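Protein chains: 2
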Amino acid sequence: MSTSPLRLSPTECTCFRIRGAARRVTQIYSQHLSPTGLKISQFSLLGFVAAEGPVAIGRLSELLATDRTTLTRNLKPLLADGLIERAVSGDKRRHELAATAAGRALFKRALPLWAAAEQEVRDAMGPKLTSDLRGALERSMEKLAPL
Amino acid sequence: MSTSPLRLSPTECTCFRIRGAARRVTQIYSQHLSPTGLKISQFSLLGFVAAEGPVAIGRLSELLATDRTTLTRNLKPLLADGLIERAVSGDKRRHELAATAAGRALFKRALPLWAAAEQEVRDAMGPKLTSDLRGALERSMEKLAPL
DNA sequence: GTCATTTGCGTGCATATACACTATTCTGAT
DNA sequence: ATCAGAATAGTGTATATGCACGCAAATGAC
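Protein chains in written order, with the numbering used here: chain A, 6 to 152; chain B, 6 to 152.
Check before you lean on any hint, since a few could be wrong.
The list treats identical chains as one, so a pair stands whether inside a single copy or across any two.
Calculated pairs, SDA-like style, for lysine to any residue (alpha carbon to alpha carbon, straight line, at most 25 angstroms) [what the hints assert, rightly or not]:
id, residue 1, residue 2
1, Lys97, Ala85
2, Lys148, Ala121
3, Lys97, Ser46
4, Lys133, Ala55
5, Lys148, Gln124
6, Lys148, Ser136
7, Lys148, Asp128
8, Lys148, Ala129
9, Lys133, Glu67
10, Lys44, Thr75
11, Lys81, Arg109
12, Lys133, Gly63
13, Lys133, Arg114
14, Lys97, Pro82
Bear in mind the hints are in silico, worked out from the structure with no lab data behind them.
Quick caveat, the model's predicted, so the values are computed rather than measured.
Whenever a hint applies, use it, and build me the whole structure from the sequences.
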């Protein structure tokens with residue numbers, strides 16, 4: 006079910022564009038979050054673990070749309086810093102993850118900094134573009150979800 | 006010049022969303038480009054170097070909206086594979102980069118694979134969402150450009 | 001109960017990303 | 001001519017990303 010023909014110009018590459026935008030946005034959030042020592046990925050990861058209670062890596066992988074093995078490594082600094090802890094459940098293969106008290110406290114401290122980053126982006130782009138971008142991203146993720 | 010108040014839900018984080026979409030889109034392009042041995046970043050990098058003729062890293066950094074030091078490392082495999090070569094110009098600080106014949110040939114071979122990836126994304130998302138997303142990304146990059 | 005299969009994870013390897021810092025070269029003021 | 005400062009690029013360190021592969025535990029067919 007092919008659509009219209011494509012203008013062959015790698016400068017217009019959707020992948021290039023979205024990666025560039027991701028880099029730029031990441032920088033903005035990183036600057037705001039830097040006082041906490043958390044990277045934006047760690048902030049998201051910690052937030053999901055805190056919200057989902059004890060959760061296995063495989064489940065997190067689905068929630069975050071991130072490769073399982075990537076999460077294994079991204080968890081390392083958070084485990085080392087005592088922000089997240091693991092426990093084994095009945096199924097000894099499964100490694101349940103939960104936020105520690107320190108982890109929840111740090112996330113709470115980071116929340117306003119995250120909000121400031123979000124606001125900076127919103128202020129720079131304006132409310133319409135902000136909502137357009139988020140809508141397009143959300144719909145794209147639905148359409149592009151792996152089988 | 007603050008806009009409307011913000012709903013405090015990291016699940017709705019713009020950065021999280023755009024990074025997730027970038028991951029997914031990157032996977033699609035990578036699969037298509039894999040026969041060439043080029044990653045999508047390398048494809049873009051090679052394309053820009055080929056198009057811009059001899060170009061310095063600092064200039065590439067602006068064109069690609071990527072940190073200069075990131076480019077230094079991303080160039081390594083391309084230099085090692087003889088796809089790009091460096092030369093010193095009059096200014097001995099500046100390292101001019103140019104695509105080799107092999108580099109241009111490989112890029113030419115990669116182009117249809119890139120186009121297929123672009124088409125797959127377009128087919129999955131439909132023409133309207135594709136154009137909406139690209140428009141939003143383009144405008145976002147303008148608004149978020151660093152000072 | 002046994003064993004092939006499935007499931008859940010971690011590792012090895014390679015690339016991508018960027019901040020802080022360093023080294024070299026050029027430029028302009030004196 | 002000299003030298004302070006700007007311009008250009010690389011390195012050290014740390015995280016992010018995912019594919020191929022291997023390992024152990026659970027499951028199901030018999």
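Results for each hint:
1. Lys97 with Ala85: Only inside one copy: Lys97 and Ala85 sit 22 angstroms apart there, 45 angstroms across copies, limit 25 angstroms.
2. Lys148 with Ala121: Answer is between; shortest inter-copy Cα gap is 17 angstroms, intra-copy 30 angstroms.
3. Lys97 with Ser46: neither (27 angstroms within a copy, 39 angstroms between copies)
4. Lys133 with Ala55: neither (31 angstroms within a copy, 37 angstroms between copies)
5. Lys148 with Gln124: Between copies only: 14 angstroms across chains, 28 angstroms inside a chain, cut-off 25 angstroms.
6. Lys148 with Ser136: both (18 angstroms within a copy, 14 angstroms between copies)
7. Lys148 with Asp128: between (28 angstroms within a copy, 10 angstroms between copies)
8. Lys148 with Ala129: between (28 angstroms within a copy, 6 angstroms between copies)
9. Lys133 with Glu67: neither (30 angstroms within a copy, 27 angstroms between copies)
10. Lys44 with Thr75: The answer is both: 15 angstroms in one copy and 18 angstroms across copies each meet 25 angstroms.
11. Lys81 with Arg109: Classified as within: same-chain Cα gap 17 angstroms, cross-chain 41 angstroms, threshold 25 angstroms.
12. Lys133 with Gly63: neither (36 angstroms within a copy, 33 angstroms between copies)
13. Lys133 with Arg114: Neither: 29 angstroms inside a copy, 40 angstroms across copies.
14. Lys97 with Pro82: within (23 angstroms within a copy, 41 angstroms between copies)
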